[in-house]
Amino acid sequence: MNASDATDTLAPLDPVEFLYHEARLLDDGALPAWLALFADDGLYWMPLRREQREDDIHTSLLREDPLLLRLRIERLHAPRAFSQQPASRCHHVLQRPRLEAEDGSRGEYRLRTEFSYTEVRGNERYVTAGTARHHLVTVDGRLRILRKRVDLIDGEGVLPSIQLFP
Amino acid sequence: MQTTTPLDAGRIRGLVRDGQVHRDAYISPAVFDWEMRHLFRNAWVFLGHDSQIPAAGDYYTADIGNTPLIMVRHADGSVRVLHNRCAHKGARLVSAECGNSGKFFRCPYHAWTFKLDGDLLSVPLKQGYADPGFKDCPAGKGLAAVRHVANYHGFIFVRLSEHGPGFEEYFGDALSSIDNLVGRSPEGKVEVAGGVLRYLHDCNWKMFIENLNDAMHPMVAHESSAGTAKTLWADQPVDAPKPMAIELLLPFTEGYAFSDAMGTRVFPNGHSYSGVNASIHGGYSDIPGYEAALVAAHGEEKAHAILADVRHNTVYYPNLTIKCAVQVIRIARPIAVDRTLIESWTFRLKGAPEALLDRSCTYSRLINAPTSVVGHDDLHCYRAIQEGLRADPNPWVNLQRNQEAGEFDTLRQQGSTVVNGTSEMSMRNQFDAWQRYMLADAVQAPERALEGAAP
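Going down the list, the sequences are from chains C and W.
Take the first sequence: its position 33, counted from the start at 1, is 33 in our numbering, and no numbers get skipped.
Take the second sequence: its position 108, counted from the start at 1, is 108 in our numbering, and no numbers get skipped.
Don't take every hint at face value.
Claimed, not checked - So the derived label-pair ranges between C-beta atoms look like this: (1) W:Arg92 with C:Arg80: 56 to 62 Å; (2) W:Ala240 with C:Glu108: 27 to 33 Å; (3) W:Lys103 with C:Glu108: 50 to 56 Å.
To be verified - Covered stretches of chain C, going by a simulated chain W footprint (3 or more residues, C-beta under 8 Å): (4) 54–63; (5) 66–77; (6) 153–164.
Just so you know, these hints were derived from the structure itself, not from any lab.
Owing to the predicted nature of the structure, the values given are computational and were not obtained by experimental measurement.
The beta-carbon is built from N, C-alpha and C at its ideal position, and this holds for glycine as well.
Chain C on its own, in the form it takes in the complex:
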């Protein structure tokens, strides 16, 4: 399989299948296609602490709207992104996502997914685990990510560079 195989596949309409598809895009490095899964007012958020709420004034590891995510993705491919020589790769192993709430009539779903995550670059390896919470909405008949919250098990710990997306 290569990146284009995944990119060419339309995002599934089933919310659980949608999350498997999302992880596949990340692991294949199909980042523009992954970004396209976000709603225009979407947010990818990796707080520092499990107790953190979205409106707390507190530092996070990552908190990016589609503009900042686009910056991050385009920068990864910039010829002078020195920290990407060699490039990073990542891999997710997902537990089956659990549907925690749904409003079928509006096509709105909240899911919780336990995952393991590995990111490698050259001889370096970072292995972690965490919980992802997705809030999916339906826009023009397609599922989109309104919120993705990722709580790493070691978010408050000592971390190496994390260059991709757990």
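Start from chain C and add chain W according to the hints.
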């Protein structure tokens, strides 16, 4: 191959010469060990902020060099610093980073207890120590307290060595950056808030510290991040309101002329700050209500002077760096010769709108986090040095940019000097202090330096 000459004061002296530093300063485990036992004991080193321990019994723990310490709020309101080592068998007494100990510390191994000033409170089955000699040995005296502790606007610094300069003498006018940070609060008070980022750098701690006043790297190392931000934002209308993140990232694309004109002020003992005349923090948007609150507190003139002083990074040598204009500090905690933990803390300005803390947290996330697109490229460069220095033919790191004859005489006479922003004088100045505090024991207590062991 790394040099294998045995380490002594003469060898340490030979590691710095004519604006160059020998690679052993960055890659030799023996030199690192010497730094922990001498440099970090003889310098005044930042431990924590007293806002972290507001109530009696509150404690915060951290290591300075390789010495584990506890900073605790005593019942009398003062801040005490104790060695985090049970007087009995040496167990680290407190393992948590912070908490409240109540009225005493209790060892988890044999339940010896100690008062908040370190005095031994009780030992189970005390009759087992009937020997009158017990009281006079170190165990009977309790936890060793650090005698040289300074509290400057809540910033707690310690000097572990019995010898050396006083706090004010050591920092001199470099303390004005802490004054500026604290002055930005309408109440003149700051407190640690917003969480701590912990980013492991697999490089020597000094590479990080040197980089703080290195104005020749942003336009090169950060081209991919800030440059991409600039390209993305170029499509927007000129008057489009900039998201805070874009506003914080764009200035990293400033070129050499801007960097050079920023200016760097250098102080004796390794301290310096960049951004004397201008800095990348000069163009942020106003936060409603803040300026008025500051003017009400300080008066028009002083408030505007504080806000106009937009210093970039201040280095409090050896390992505290602060950005007063965004209320962010970073502490470089050496772990091994090629491993350093960088902690980033943010501060709330008491009496100021919470939007300022929000900006500090946003800045810290974008620039200092393990996920930072800016930080990734910095760390890549430090690692590259750590690896590249193994190449044999040239063992010297060159820091000669804008080196001038007699520059240290001028510095000592004047108390501080301003150099062009791209000068490497701040780094030469760090190594001037490095040598002084590495060798201070050889000068003051030669037997300690010879044994290579702290008393």
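Hint by hint, here is what the structure shows:
Arg92 of chain W and Arg80 of chain C have their C-beta atoms about 45 Å apart, which leaves the hinted 56 to 62 Å range violated. In this structure the hint that Ala240 of chain W and Glu108 of chain C lie 27 to 33 Å apart at CB holds, the actual value being about 31 Å. About 53 Å separates the C-beta atoms of Lys103 of chain W and Glu108 of chain C, a value consistent with the hinted range of 50 to 56 Å. Chain W is given as covering the region 54–63 of chain C, and this holds because 7 residues of the stretch bring a CB closer than 8 Å to a CB of that chain, at least three being needed.
By the rule of at least three residues with a Cβ nearer than 8 Å to a Cβ of chain W, the coverage given for the region 66–77 of chain C holds, with 7 such residues. Coverage of the region 153–164 of chain C by chain W holds [criterion: at least 3 residues with CB-CB distance below 8 Å; count 8].
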